[in-house]
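Residue-level listing of the chains:
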Amino acid sequence: MTVAGHTEKGAIGVETLHMTMRFGAFTALDDVSIRIEPGTFHALLGENGAGKSTLVKCMMGFYAATSGEMLVDGREALVPDPKAAHAMGLGMVYQHFTLVPSLTAAENLVISRTDVPNVIDWGKERTELAAFMARMPFQVPMDQPVRALAAGEKQKLEILKQLYLGRRFLILDEPTSVLTPDEADEVLGHVRQLCEAGEISVLMITHKFREVTAYADDVSVLRRGKLVGGGKVSELSHSDMAALMMGDAKLADPAPRTGIPGAPILELSGLKASDRSGLKDIVIDKLDVRGGEIVGIAGISGNGQMEMMEILTGQRPLSAGEIRVKDAPFGATRSDARLSCVRYLPEEPLQNACAPRMSVAENISFRTFDLNGKGTRFWLSGREMQGRASDLVAAFKVKTTSLDSPIQALSGGNVQRAVLARELSGDVDLLIISNPCFGLDFSAVAEIRARIMAARNGGAAVLLMSEDLDEIMELADRVMVMSEGKIAYETPISEADITQIGQFMGGHV
Amino acid sequence: MNELGLWAIPIAVLGGAIRVSTPFLFVSLGEVLTERSGRINLGLEGTLVIGAMVGYAVAYLSGSPWLGVLAAAAAGSAFGLIHGLICSLPRVNDIAIGIAMMILGTGLAFYFGKPFVQPVAPDLPSIPLGWWSSIPQVEAALNVNVLFLIGAAAAFALWWMFKTTRIGLVIRVVGDSTDAARAMGLRPAVVRTLATMAGGAFAGVGGAYLSLFYPGSWNEGISSGQGLMAVALVIFARWNPVACFGAALLFGGAGALGPSLQSVGISQGYHLFFTAPYVLTLGVLIATSSTTRAMTGAPGELSITK
Numbered sequence: 001m002t003v004a005g006h007t008e009k010g011a012i013g014v015e016t017l018h019m020t021m022r023f024g025a026f027t028a029l030d031d032v033s034i035r036i037e038p039g040t041f042h043a044l045l046g047e048n049g050a051g052k053s054t055l056v057k058c059m060m061g062f063y064a065a066t067s068g069e070m071l072v073d074g075r076e077a078l079v080p081d082p083k084a085a086h087a088m089g090l091g092m093v094y095q096h097f098t099l100v101p102s103l104t105a106a107e108n109l110v111i112s113r114t115d116v117p118n119v120i121d122w123g124k125e126r127t128e129l130a131a132f133m134a135r136m137p138f139q140v141p142m143d144q145p146v147r148a149l150a151a152g153e154k155q156k157l158e159i160l161k162q163l164y165l166g167r168r169f170l171i172l173d174e175p176t177s178v179l180t181p182d183e184a185d186e187v188l189g190h191v192r193q194l195c196e197a198g199e200i201s202v203l204m205i206t207h208k209f210r211e212v213t214a215y216a217d218d219v220s221v222l223r224r225g226k227l228v229g230g231g232k233v234s235e236l237s238h239s240d241m242a243a244l245m246m247g248d249a250k251l252a253d254p255a256p257r258t259g260i261p262g263a264p265i266l267e268l269s270g271l272k273a274s275d276r277s278g279l280k281d282i283v284i285d286k287l288d289v290r291g292g293e294i295v296g297i298a299g300i301s302g303n304g305q306m307e308m309m310e311i312l313t314g315q316r317p318l319s320a321g322e323i324r325v326k327d328a329p330f331g332a333t334r335s336d337a338r339l340s341c342v343r344y345l346p347e348e349p350l351q352n353a354c355a356p357r358m359s360v361a362e363n364i365s366f367r368t369f370d371l372n373g374k375g376t377r378f379w380l381s382g383r384e385m386q387g388r389a390s391d392l393v394a395a396f397k398v399k400t401t402s403l404d405s406p407i408q409a410l411s412g413g414n415v416q417r418a419v420l421a422r423e424l425s426g427d428v429d430l431l432i433i434s435n436p437c438f439g440l441d442f443s444a445v446a447e448i449r450a451r452i453m454a455a456r457n458g459g460a461a462v463l464l465m466s467e468d469l470d471e472i473m474e475l476a477d478r479v480m481v482m483s484e485g486k487i488a489y490e491t492p493i494s495e496a497d498i499t500q501i502g503q504f505m506g507g508h509v
Numbered sequence: 001m002n003e004l005g006l007w008a009i010p011i012a013v014l015g016g017a018i019r020v021s022t023p024f025l026f027v028s029l030g031e032v033l034t035e036r037s038g039r040i041n042l043g044l045e046g047t048l049v050i051g052a053m054v055g056y057a058v059a060y061l062s063g064s065p066w067l068g069v070l071a072a073a074a075a076g077s078a079f080g081l082i083h084g085l086i087c088s089l090p091r092v093n094d095i096a097i098g099i100a101m102m103i104l105g106t107g108l109a110f111y112f113g114k115p116f117v118q119p120v121a122p123d124l125p126s127i128p129l130g131w132w133s134s135i136p137q138v139e140a141a142l143n144v145n146v147l148f149l150i151g152a153a154a155a156f157a158l159w160w161m162f163k164t165t166r167i168g169l170v171i172r173v174v175g176d177s178t179d180a181a182r183a184m185g186l187r188p189a190v191v192r193t194l195a196t197m198a199g200g201a202f203a204g205v206g207g208a209y210l211s212l213f214y215p216g217s218w219n220e221g222i223s224s225g226q227g228l229m230a231v232a233l234v235i236f237a238r239w240n241p242v243a244c245f246g247a248a249l250l251f252g253g254a255g256a257l258g259p260s261l262q263s264v265g266i267s268q269g270y271h272l273f274f275t276a277p278y279v280l281t282l283g284v285l286i287a288t289s290s291t292t293r294a295m296t297g298a299p300g301e302l303s304i305t306k
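Those sequence lines, one after another, are chains A and B.
Following this note's numbering, the numbering of the first sequence begins with 1 at its first residue and continues without gaps.
Following this note's numbering, the numbering of the second sequence begins with 1 at its first residue and continues without gaps.
For reference, chain B alone in the conformation it holds in the complex:
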């Protein structure tokens, strides 16, 4: 135990929320973008892992973590493009393709990532927002990564985009009614493919965060299902990017509960607290489901809500 006593737990949870939430945030923003256009991409888990691998490899080879992030975004959008193109074919189910892409992504990442398990790549920089405090735990908690701030800004930017830009309205139209979109002369398959690409880029960046900042190394166990949990998170956030930001913090906080209990010396049963994000996922899905009514706020063309 240290001089902070039990206060260490909320501080560690806060710090953990900021640190752990970033991949959730990026994947869920990508998923919001994709689902708002009327497709669901379950392959984002695979995209996340491939983003982590590509980001780490490029950062190591080039020496620049930011080049790594860009490469991860490019790899993610390539995966999104494949998903989008395949789903544009008639009678193709987006959920099945998503699962295939998930397995393909993790498989490819492990295959090409083997040589990069040992080397050490440069980390992404972070901003010490806790400089005003003399307590080391507070300082550590507020050591915020730049990507977290970019993600937060992106959440608000997406929210603004859906409301006041042509492109945002077009995505909503396509996601809500294919017929209406066609009547307007839009091409739904193209819009959806582009949205899936952009969503894939977001997920790729989320992966780069995993390998380049926290935990900050590349290995095969890098993702613990963040890509899949983000799908639940999007439903919980009712397809609203700003709500995604809050939900990602909540999930991140839940993920940080186990480690922070461990840090104050509670070792009894802390393993159970490591399952908090998964329990939270189940709880959220149960609490927001209903046997008799359709989800409010869901894009009308989404195959899981039809």
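Just chain A, same shape as in the assembly:
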């Protein structure tokens, strides 16, 4: 049966036929044929490295596929570069914002057009923008610089931009990774409405099953470059999708919780410090973490978590308040951290916890290179550093070609393991962690979470800041929500309710 290539209102359908992409000897995409019917919402599921990005980049003309064809609007289409894709009405919303932060929303929209006149008549453009916005299901303030917009508004503006440019087939690359659950629901709800109205067709890359079930019509699952399954969302359960995605790989089971919380290790009282912009304050009235418990701090990025981490690592000066560790004032110097057994795992460890060009062995030795038993040493012992590093690399399964290769040559998960190896060796009484699993794949995530849980079970106090609510729900004993520089909400995990936490995250309470 032939299907019309597009809906009445212009949404176009796209189909890939036997798409294959090889990089040298590595096959990133292997004979993938998927079909997105006009006016439907199609989800593309897969782990990191499964080939999702490669597929959409081939579709958008960033890569020229090794073999395979594409049908756009029912006709065979050649897409040599992104411009050709745009001309056919294909558009993509990237995972990271491509808006220009210092330009206003209106300026961002107008300059993204290909036919911008040399002198822009703002009066006329404004009238046209207002007319365009009036037809849209959601609004974004047009006259503020984009940097002042919240993440959800930026994401909406990205989608508006594609529609403004007349795109009829949208690829969304993990569009909700930076949004609160509420914002995600709102944005995806609007996208779904546009699909139902036949204005656009959508292909969304994601790994959140919830979003697939709630919004998508169809789903395709990729694993190791191959299309391993898919179909109508209504006919698949979460466990079906997970099985397709994971194949026969086994996940480490969530580590069991043992022991009961002990005495308070970390106590913060009356903390005050200015935030990144210098205009607002981070205020923590009271927060303590006891031995043998994980306190999870949830929140959308940019609500003070980064500043909080900087306060705890001594990178940001306090204007008031005190940090106490084990009943003694804590100045976050290296010797303080050593004496009180405080360890850190900051986000983006390659930038924040490593010297990227120094070797794996050297990076692993940062805590210990100048120690000699109880005292310190002047001459380093290369042999001792190598020996310790090789033990830890084996114990934490860090994959590296050699101990002497620069740590920046390692993949994200292995950098994370190497830093974790360094921070978790020796006595750990307090572990401060921020977004430990950002950008890692399932198996690395499971392993790192198990290690954090093991540290907790071993009696360490753990403060976990994470933008991933699922991670907090899995690991934490107590959940707090950080919003606009303050702890807005606190609850024990047994009484934690996702919806309520989401509302506090969005500051809607």
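Don't take every hint at face value.
[Said to hold, decoys possible] A short list of chain B residues far from chain A (calculated; beta carbon distances all over 12 Å):
(1) Gly-63
(2) Ile-99
(3) Val-117
(4) Gln-118
(5) Val-120
(6) Leu-129
(7) Pro-136
(8) Leu-142
(9) Gln-262
(10) Gly-269
(11) Val-284
(12) Ala-287
[Unchecked claim] To spell it out: a stretch of chain A is covered by chain B in this simulated footprint if at least three of its residues, at any positions, have a beta carbon under 8 Å from a beta carbon of chain B; those stretches are:
(13) 83-96
(14) 105-113
Hints in this document: simulated from the structure, not taken from any laboratory.
We put the CB at the ideal spot given by N, CA and C, even for glycine.
Fit chain B to the given chain A structure using the hints.
For chain B alone, coordinates are given in the frame of chain A:
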């Protein structure tokens, strides 16, 4: 002392501000244009000196000061082009190249400028806006050079360009986010190179003003660091061309403080007042810096603010 008494000081400072500010204004406008595109060109000091030399030489040889100004602009844009092209190569640091270009520019200018130290080139004309006054000091102060007026107009024109023209928005996009610019199909390296060229032309004109109007002769000590101070001035002006105009007047006024005190006969310690622009530069940089936050209004791709 004369009949004006202490009033002579503000009048002389005003006149000096107009006279001294012009090179600051042109160099800082050039630097705004370059930095808004995401590059920093510290070589503008060298471009200023080469502009002064080329402008003076061409004006002397051709007899027309305006041909000299055009030649200075051309020489400046050639320097900008070299800076822009070298910085488009991978892993090249724009600040290091800028310092190299600064030394190259002054060196070349001194080398080729030797034969022009003695000859006298025609001056640029000025407009006597002080005709209504009978006080000679006021008349002198308001003897405004045409280039100052062109510079003032250029400041407003650039401001308008950044707001309402395609080219202005493109420069801002490239300066704020390379990724966004690429996603739009722009070529950041090309835009930056062109912006650096145009910025170099501005600095070249600033140099021509030095040698063809005030002080009005070519010698090796012609620039007293205006090209470098203009970089501080741009930060102070928050990358806004119109604010650059005000900041240039302020710096020019500070530069005129020493000479004007001297003119009313205060000779005690007036040397200290000659340092006013440099002290002001330091003061401005300290006052606008912060240890904990990034500068607001700075183009996102600028290497000094990243």
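Now the hints, each set against the structure:
1. Gly-63: Holds, since 37 Å exceeds 12 Å.
2. Ile-99: Consistent with the label, B:Ile-99 stays out of reach of chain A, its closest Cβ about 24 Å off (over 12 Å).
3. Val-117: About 45 Å separates B:Val-117 from the closest Cβ of chain A, which puts it past 12 Å; holds.
4. Gln-118: Its Cβ never comes within 12 Å of chain A, the nearest being 47 Å, so this holds.
5. Val-120: 44 Å, holds
6. Leu-129: 32 Å, holds
7. Pro-136: 45 Å, holds
8. Leu-142: 35 Å, holds
9. Gln-262: 42 Å, holds
10. Gly-269: 38 Å, holds
11. Val-284: Fine: 18 Å to the nearest Cβ keeps B:Val-284 off the interface.
12. Ala-287: With a cut-off of 12 Å, B:Ala-287 remains clear of chain A, as the shortest Cβ separation is near 14 Å.
13. 83-96: As far as the stretch 83-96 of chain A goes, the hint holds, because 3 residues have Cβ atoms under 8 Å from chain B.
14. 105-113: Per the Cβ count (4), the hint holds.
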